[in-house]
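S.K.: Sequence:
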Amino acid sequence: MWIATGAIPAEFKIMICIKCDNEVFADKPNAIIEQEFRGELLQVKMTASACTKCGWQTLALGQTDVLRKHTADAYRVKHGLLTSAQIKAYRQQLGDLSQQAFADFLKMSVASIKRWETWQVQEEIYDQAIREKCEGALAAQRIQDFQPRVYVSMSSDVLEKTFSMQEMVKKWTHPSRWAEQPSGFCINYATDEELALAA
1 MWIATGAIPA EFKIMICIKC DNEVFADKPN AIIEQEFRGE LLQVKMTASA
51 CTKCGWQTLA LGQTDVLRKH TADAYRVKHG LLTSAQIKAY RQQLGDLSQQ
101 AFADFLKMSV ASIKRWETWQ VQEEIYDQAI REKCEGALAA QRIQDFQPRV
151 YVSMSSDVLE KTFSMQEMVK KWTHPSRWAE QPSGFCINYA TDEELALAA
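Numbered according to the numbering used here, the sequence shown spans residues 1 to 199.
In case anyone wonders, no lab produced these hints; they're calculated from the structure. It should be emphasised that the depicted structure is a prediction, and the values quoted were computed from it without experimental measurement. Incorrect hints may have been included.
In silico BS3-like pairs for lysine-lysine, Cα to Cα no more than 25 Å straight-line [stated by the list, open to error]: (1) Lys53 x Lys114; (2) Lys133 x Lys78; (3) Lys88 x Lys45; (4) Lys133 x Lys114; (5) Lys69 x Lys53; (6) Lys107 x Lys45; (7) Lys88 x Lys114; (8) Lys88 x Lys78; (9) Lys19 x Lys53.
DEER-style ranges, computed between Cβ atoms [what the hints assert, rightly or not]: (10) Glu124 x Asp21: 16 to 26 Å; (11) His79 x Val110: 22 to 32 Å; (12) Gln100 x Ile32: 33 to 43 Å; (13) Gln144 x Thr52: 14 to 24 Å; (14) Val24 x Asp145: 46 to 56 Å; (15) Lys19 x Gln43: 34 to 44 Å; (16) Ser112 x Val24: 24 to 34 Å; (17) Gln35 x Ala111: 39 to 49 Å; (18) Val110 x Ile32: 28 to 38 Å.
Idealized CB from N, CA, C, for every residue including glycine.
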């Protein structure tokens, strides 16, 4: 129960401890709260309110929703499912989509997206669908955004030889010998010795 006060510092909360009748509580970061979810006992880590006298832990006003979300995410992590934050991150990476636009992209209901980004755990079949659709779109986006780079030897000897960035990584032990240029430079130059090493 809460008791109104104006004289106690903000970091202390006035309640009544059911174990020792102490009335002063303080925030305890990373407190472990046991929660049962879908028949499993989970260890949920979050900030709780702890009695300053005996250490009894409870939740302050407004913390129950946070506990609900943390509990769902603890279950998700245990079972290898996307957490609420990971689902939201996908939505943001795809162009900071609204929840409605993200739902349209996934061909799912916006109500489901809203629940999955908070406290409701998605079923494995939906989790897999989210991963596949989002990873596929992000991979296509990375290919589209890729700007190839061409490397030009700093040698004064001029011999034409074209290398892709992947070839450079594989064939050259000292890539610092090369200067990176915009993709508009289509001819690379190397000495006979450098070409022999690259062959």
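S.K.: Compare the structure with each hint and give your call.
M.R.: Here is what the structure says about each hint:
{"no.": "1", "hint": "Lys53 x Lys114", "verdict": "violated, 40 Å"}
{"no.": "2", "hint": "Lys133 x Lys78", "verdict": "holds, 23 Å"}
{"no.": "3", "hint": "Lys88 x Lys45", "verdict": "holds, 21 Å"}
{"no.": "4", "hint": "Lys133 x Lys114", "verdict": "holds, 18 Å"}
{"no.": "5", "hint": "Lys69 x Lys53", "verdict": "violated, 29 Å"}
{"no.": "6", "hint": "Lys107 x Lys45", "verdict": "violated, 34 Å"}
{"no.": "7", "hint": "Lys88 x Lys114", "verdict": "holds, 10 Å"}
{"no.": "8", "hint": "Lys88 x Lys78", "verdict": "holds, 19 Å"}
{"no.": "9", "hint": "Lys19 x Lys53", "verdict": "holds, 10 Å"}
{"no.": "10", "hint": "Glu124 x Asp21: 16 to 26 Å", "verdict": "violated, 47 Å"}
{"no.": "11", "hint": "His79 x Val110: 22 to 32 Å", "verdict": "holds, 24 Å"}
{"no.": "12", "hint": "Gln100 x Ile32: 33 to 43 Å", "verdict": "holds, 37 Å"}
{"no.": "13", "hint": "Gln144 x Thr52: 14 to 24 Å", "verdict": "violated, 57 Å"}
{"no.": "14", "hint": "Val24 x Asp145: 46 to 56 Å", "verdict": "holds, 55 Å"}
{"no.": "15", "hint": "Lys19 x Gln43: 34 to 44 Å", "verdict": "violated, 21 Å"}
{"no.": "16", "hint": "Ser112 x Val24: 24 to 34 Å", "verdict": "violated, 43 Å"}
{"no.": "17", "hint": "Gln35 x Ala111: 39 to 49 Å", "verdict": "violated, 24 Å"}
{"no.": "18", "hint": "Val110 x Ile32: 28 to 38 Å", "verdict": "holds, 35 Å"}
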